[in-house]
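A.B. asks: Going by the UniProt record's numbering, the sequence shown opens with residue 1, and the numbers climb by one from there.
Keep in mind that the hints were calculated from the coordinates and are not lab data.
Ideal placement from N, C-alpha and C gives every residue a C-beta, glycine not left out.
Hints may be right or wrong, so weigh each one.
[To be verified] Simulated DEER-style distance windows between Cβ atoms:
1) Val169 <-> Arg306: 35 to 43 Å
2) Pro223 <-> Ala125: 21 to 29 Å
3) Ala124 <-> Asp349: 50 to 58 Å
4) Val192 <-> Gly232: 41 to 49 Å
5) Gln266 <-> Gln34: 21 to 29 Å
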Amino acid sequence: MPDATTIRPNVTEAFDPQARARALRPLLAHHAQQCEQDGRITDEVFAALREAELFAITAPLRAGGPGAKLITHIETVAELAKGCVGTAWAYSLLSSVTASVKAMPPPIREQVLRNGDELFCSVAAQTGFADPAGDGHYRISGKWGFASGCRHANWALNGIAIRDAAGQVVDGGFALIDLKQPQVEILDNWQVAGMSGSGSNMIAVDNLVVPETLLLRASRRPPAEALLAMPGLEPRDRWPTEPLFPLIVLPPMLGAASAMLESVVQTMDKRPVVWWSYPSQKDSQRLVGAAGQAALEIDSAWLHVRRAAAMLDETAQQRLLTGFEKARIQADCGYAMGLLRDAGNRLMDIAGPGAFALSSPLQRFWRDLNVGTRHNAMNQGLSIELYGRALLGLDSSLNLLADIGPVPDWAAPR
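Between the sequences and the hints, there should be enough to build the whole structure, so can you do that?
C.D. replies: Structure (structure tokens):
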């Protein structure tokens, strides 16, 4: 929620996050294997991200941030992913959640931003409970899986079900949880075939007492219409929440596929085609065509993502988005995920068996891409189905998006 308090942004002049991310690519690539083995961003890379001032690029001006557009964040994450996908994924979640907290009203910020450089992770699933503990406090317990970047976070913004004294759920929302408290534990249970470097471990909390002021109740969130009318509004305050998450976790996949394309096409004129008479891969029309198709799939994914981001950066600045438009954003993201996975698989077909050697960065990109593009929030088939349901005036199948109407005039039954 916006407020009228404005302070001078504390980022340096001529702030270009994409350029800074691009400059960090060699460092991330050098540490990518270690990041995967450790299951977290390496200390050297984390320090470099800090030094580059990249952790709150979409934070509002009133909180000292640069107030960057969503597409700027997407492009920045994609650049980082060209070096290390796991690092980019963790960074994307940490930076977006941290910026969201910095956009909250001053009374909340003052409780959690004690040094000003705190980082926040988040799990939206309401797999924890808040029970009254007396004297304006609540007792938090629960377990939240897939908390990307939690090893580098100071706080977690996690989903909760709020109960009354009788144990009945009366509200939902989020709790701000200090990860350094003794009642909080990070469980090292993120052992996966791809995206290991994202450090998406589980957060377990047992009877942590917090003031009620650290609970964000869903019932007290002003409606979007009211938010738009508040003074001191900044562009990020107009972003609708429902379609935002897919645009936060999709960018690492854009960078992964793009890096694979670069690596493959740059060596096709030198790589022989074993068992076949072609002097090099570029002499095979079939392989050349496959490279072109992969490039078009990645280009197409970017087009869908840019259309979706423009709905938040541009259209949402003028008016509220309709449910149908939000459903289309979801479909854009799901469809893009499928395109990127297809492109990655196609590029590995070109690269051949040697690309699957554990010493090859291509196989790590491929594994990360195949795991990351299967995130349920951007499931390709279900996202496309949602768009079809919106076109036909059917009920929504997405829990976080109840309204997917109205049907546009051109699709209405005749």
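A.B. asks: Now tell me if each hint is right for this structure.
C.D. replies: Hints and how they fare:
Remark: the range hint 35 to 43 Å for Val169 to Arg306 is upheld by a beta-carbon distance near 40 Å. For Pro223 and Ala125, the hinted distance range of 21 to 29 Å is satisfied, since their beta carbons lie about 24 Å from each other. Taking 50 to 58 Å as the suggested C-beta distance range, the pair Ala124 and Asp349 does not conform, at roughly 36 Å. Look at Val192 against Gly232: about 42 Å separates their beta carbons, and that is inside 41 to 49 Å.
Remark: the range hint 21 to 29 Å for Gln266 to Gln34 is upheld by a beta-carbon distance near 24 Å.
In terms of the numbered hints stated before, the structure departs from hint 3 and from no other.
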